[in-house]
Amino acid sequence: MNRIAAIAGSEFRIALRNRWVAIAVVLMALFALVLAAAGSAPTGQLGADKLSVTVASLTSLAIYLVPLMALLMAFDAVAGEVERGTLPLVLTYPVSRPEILAGKFAAHLATLAIAVGAGYAIAAAAAMWMDPRAAEGIPALARLFWTSLLLGATFLGLAYWISAAARRPGAAAGLAIGLWLVFIVLYDLGLLAGVVADGGGTFTTAVLPWMILFNPADAFRLYNLAASEATAAAAGIAGAANTIPPMHALASLLLWPLVAFFMATATFRRMTP
Amino acid sequence: MQTLILSQVTKTFDGATALSSVSLAVAAGERVALLGHNGAGKSTLMKIVLGLISADRGDVRVLDAEPGSHAARAATAYLPENVAFHPALTGLEQLRCYLRLRGEDPRGAEVLLERVGLGEAGRRRIGTYSKGMRQRVGLAQALIGRPRLLVLDEPTSGLDPVSRREFYTILDDLAGTGAAILLSSHALTEVEVRTDRIAILSRGHLVADDTLPNLRRVAALPIHLQVSARPEAADEVARRLSGERHNGARIDLVCGHDDKIARLGQIAELGAMVEDVHVVPPSLEDIYAHFSGRAPS
Chain A
1 MNRIAAIAGS
11 EFRIALRNRW
21 VAIAVVLMAL
31 FALVLAAAGS
41 APTGQLGADK
51 LSVTVASLTS
61 LAIYLVPLMA
71 LLMAFDAVAG
81 EVERGTLPLV
91 LTYPVSRPEI
101 LAGKFAAHLA
111 TLAIAVGAGY
121 AIAAAAAMWM
131 DPRAAEGIPA
141 LARLFWTSLL
151 LGATFLGLAY
161 WISAAARRPG
171 AAAGLAIGLW
181 LVFIVLYDLG
191 LLAGVVADGG
201 GTFTTAVLPW
211 MILFNPADAF
221 RLYNLAASEA
231 TAAAAGIAGA
241 ANTIPPMHAL
251 ASLLLWPLVA
261 FFMATATFRR
271 MTP
Chain B
1 MQTLILSQVT
11 KTFDGATALS
21 SVSLAVAAGE
31 RVALLGHNGA
41 GKSTLMKIVL
51 GLISADRGDV
61 RVLDAEPGSH
71 AARAATAYLP
81 ENVAFHPALT
91 GLEQLRCYLR
101 LRGEDPRGAE
111 VLLERVGLGE
121 AGRRRIGTYS
131 KGMRQRVGLA
141 QALIGRPRLL
151 VLDEPTSGLD
161 PVSRREFYTI
171 LDDLAGTGAA
181 ILLSSHALTE
191 VEVRTDRIAI
201 LSRGHLVADD
211 TLPNLRRVAA
221 LPIHLQVSAR
231 PEAADEVARR
241 LSGERHNGAR
251 IDLVCGHDDK
261 IARLGQIAEL
271 GAMVEDVHVV
281 PPSLEDIYAH
291 FSGRAPS
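As you go down the protein sequences, you meet chains A and B in turn.
Number 173 in my numbering belongs to position 173 of the first sequence; there are no gaps in the numbering.
Number 116 in my numbering belongs to position 116 of the second sequence; there are no gaps in the numbering.
Note that these hints are calculated values from the structure, not bench results.
Hints are not guaranteed to be accurate.
[What the hints assert, rightly or not] Computed footprint of chain A on chain B; a stretch qualifies when at least three of its residues, placed anywhere within it, have a C-beta under 8 Å from a C-beta of chain A:
hint, stretch
1, 46 to 53
2, 63 to 75
3, 110 to 116
4, 237 to 244
[Unchecked claim] Beyond 10 Å from chain A on every Cβ pair, some chain B residues (computed):
hint, residue
5, 27
6, 80
7, 255
[Claimed, not checked] Take a look, some chain B residues computed to stay more than 10 Å from chain A by CB distance:
hint, residue
8, 138
9, 193
10, 197
For every residue, glycine included, the Cβ atom is placed at its ideal position computed from N, Cα and C.
Take these sequences, add in the hints, and give me the full structure.
This is how it looks when you write it as structure tokens:
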């Protein structure tokens with residue numbers, strides 16, 4: 001535990017000095033402010049409070065931004081150490097490879113938590129300032145916060161995995177962008193194309209729900225919007241999958257970080273420095 | 001007690017043999033220098049000892065444990081060639097992290113930096129350090145805890161002569177407390193006086209493993225005798241010793257180890273014709289070149 005804390009302490013210091021903490025906080029705060037401003041338009045027909053509406057927009061934002069930040073923060077976690085030549089020395093210390101990754105993970109997750117927390121807090125403050133009823137949306141915001149961290153944790157784990165597999169920062173960066181495009185952009189487009197081509201057949205009813213659960217970003221969206229009153233406004237593809245119980249989506253969100261971290265440690269263990 | 005034992009260790013990379021049936025042991029308190037050209041297999045041997053890579057064949061024991069096992073790593077300190085650290089951390093922060101990884105009190109960082117002569121600079125970021133300063137941080141981390149085995153890859157590269165002497169003093173202290181030390185170096189003159197035994201690798205083969213006096217004897221390289229004759233007697237001296245004349249009054253003689261005393265006797269017989277005599281034993285460079293040329297190709 002002390003060893004993980006030692007690695008985490010160094011990594012967090014590095015994240016502070018590299019301005020990663022500052023960049024992530026500013027980025028999230030900026031987007032949260034923009035969304036809060038955009039959400040100030042009248043939303044009378046929905047009957048929802050301002051914060052719940054903001055949470056729906058923040059969910060869509062988080063799907064793009066949280067995985068991207070996690071991947072950018074962590075893609076060189078292993079490959080960068082290989083390139084600097086710092087990896088062989090630390091591997092001769094009495095610290096296991098999963099402990100090294102766990103330390104980096106703790107520091108990166110803390111950085112994400114600070115950034116996401118700051119962004120959401122700004123959005124919440126703006127919503128409450130404009131609408132006294134906004135306090136009703138706080139549970140939804142809290143849920144969005146911790147599920148965002150689960151989503152971030154998944155992509156941190158995936159980033160360590162590709163970092164150990166690629167061994168070179170350049171290759172790891174390319175893989176990170178590819179991973180983001182596939183999971184966040186192309187995956188949903190593919191599903192949409194499938195639904196359209198299928199025309200309500202077995203793909204839509206039997207395969208699609210599972211495919212949505214398989215993608216952590218889709219599971220994240222599904223879980224957050226299923227409970228929210230503003231679902232209809234922002235659901236998109238989730239509308240086609242409203243047969244999926246939210247608990248299944250939560251299970252997917254909880255499982256993904258474990259699977260990603262397991263793949264990362266398995267690859268890192270096999271690596272010869 | 002042997003701290004490190006390698007027996008019949010073989011390692012190949014993509015068909016190229018990096019180490020070929022190498023056997024080597026380092027006892028507690030012993031300082032062994034590992035010499036060899038670039039690419040002779042020194043770093044590969046060290047990485048196998050550290051458990052960073054595994055041998056194809058043969059057996060390696062570090063304090064009776066598998067190399068790379070938790071017990072072996074807890075007892076082993078390593079200083080890589082061209083040691084590197086994250087440039088954003090300060091020397092103190094980096095050392096505190098390493099101390100905690102070894103389960104030691106992080107407050108020991110300042111004392112360690114003092115010991116390697118980096119007291120004040122410890123508060124600056126490593127990115128601003130010179131190569132010699134990074135090397136000192138590397139030394140400091142290798143001193144953490146009481147390592148039973150030190151594996152040092154070119155430890156004095158980048159250090160100035162005074163720092164090198166300080167470094168070997170620290171090493172002597174460690175060996176005095178029973179640490180086994182395996183170090184590689186290109187600075188043969190340091191190795192000559194500061195180590196107990198010399199092992200020479202050539203193209204993956206261990207071609208020598210003995211004390212320097214023994215290596216000298218086995219190599220049986222010629223000894224040079226430089227005789228300074230009185231200017232007027234130079235020709236006479238050269239004729240009587242059947243040697244070769246150089247720069248006026250100097251006569252060079254070459255003889256084997258066993259002939260040395262007899263030759264010196266002949267020179268002494270010449271009496272007043274000789275002003276001085278110099279005995280030049282084969283240098284470590286000569287011995288090194290002799291052994292490293294002997295690897296089977």
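Earlier hints that do not hold, by number: Checked against the structure, the hints that fail are numbers 3, 4, 6, 8, while the rest are satisfied.
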